[in-house]
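There are 2 protein chains.
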Amino acid sequence: MTQLLRVQNFTVSNDGIAAGENQTLDNPFGLDHSGMFEWAVGTAGWPNRTDPGGSRGIDDYFTRDFSHNIGAEIMGRHKFAPKGGPWPNDEWQGWWGDEPPFHTPVFVLTHHPRPSLTLSDTTFHFLGGEPADVLDRARDAADGKDVRLGGGVTTIRQFLDADLVDTLHIAVTPFDFGSGLHLWESPDELNDRFHHDVVPSPSGVTHHLFWRK
Amino acid sequence: MTQLLRVQNFTVSNDGIAAGENQTLDNPFGLDHSGMFEWAVGTAGWPNRTDPGGSRGIDDYFTRDFSHNIGAEIMGRHKFAPKGGPWPNDEWQGWWGDEPPFHTPVFVLTHHPRPSLTLSDTTFHFLGGEPADVLDRARDAADGKDVRLGGGVTTIRQFLDADLVDTLHIAVTPFDFGSGLHLWESPDELNDRFHHDVVPSPSGVTHHLFWRK
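Chains as they are written, first to last, in my numbering: chain B, 18 to 230; chain X, 18 to 230.
All the given hints hold, so there is nothing to weed out.
Chain copies aren't distinguished; within one or between two, either way the pair holds.
Taking lysine to any residue and the SDA-like style, the derived pairs with C-alpha atoms no more than 25 Å apart in a straight line are: (1) K230 - G59; (2) K162 - D180; (3) K162 - I87; (4) K230 - R66; (5) K162 - G70.
If you're looking for bench data, these hints aren't it; they were derived computationally from the structure.
Please take these sequences and the hints and turn them into a complete structure.
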């Protein structure tokens, strides 16, 4: 059975920016991202939702698909921690508290080794290497299921450059950020390699769906 | 945990018709429905797909959601068999061969009792009664998961009239049929009770999503 590498619910601004250049502990995205994730947090399927409500329209199809047939995640160092470089110690355990929303093995890309870390039913592994090798490790761990490529933007570009991504769901918000780390100049950049559906949502975001030609 | 009653991937014509009035063994929908399900059969997630291909755009989000968190289905007699009335014998085993695409208990509405029937991991139960009672039975069998209301159109209208439906996904094709069994005169009929998202797909169908206010 094919194990896809899938990008899901990754949100960028109207001008293609996913993060600022100055990430800090207080500001994990390195820019004023207020409103950027509103389309997702209001849905019934939002993985961090703790109360029963939420919308069940088109945006909810995307948030509830987050874990569907996913057996592992790959994420960049900057999605896991606010700073790069050697780990000062093993105290930092990610942004998500004792119950991370992944519920699978997670492979964190880093040049700096660190022991694996288990929080509830999520285990973080820390490893370096080429994208293709990391993907092999994640596929082995995914037990026949797909692998989510969780971002950040640098990691997604790295795996796109290596032509390892099978499907992408990118939510484009109506805001412009002006400067920051770009996923793309235009979504149409991917059209040579991917089919591309454009789906406007009543919430104001536009969902872009890509799958390999 | 809330167990929703969900209508999914139910397809109607542009004029709201889901089936003709003269269902036969050779023509389960009772009308010329060629092209009506093209939006779904081309997707990777189509439950009856046997080969690995298929599109992974917006239509695929709907077909692959078919089984997501579903623990039972309720269907009308006319979805299961071409004729109403007493069962002549127990030979008829549905339209789906030895591997029905449901993989859960299925509750078939009929006034005429018949022993339960197991095919692979699907078991059909045959029962009459009020919609609310049938839904109670299905929820018990669904083991905490949601219940799919599988149609046909008469059954969906019956459960809508009893105000038991929590969410609906209806795909509206661009064809007019002129006469037949109507789900609605207009999708906006449901707007008093449901939120309503309208999502055009590049395949030509328009997805209508409803969830309770």
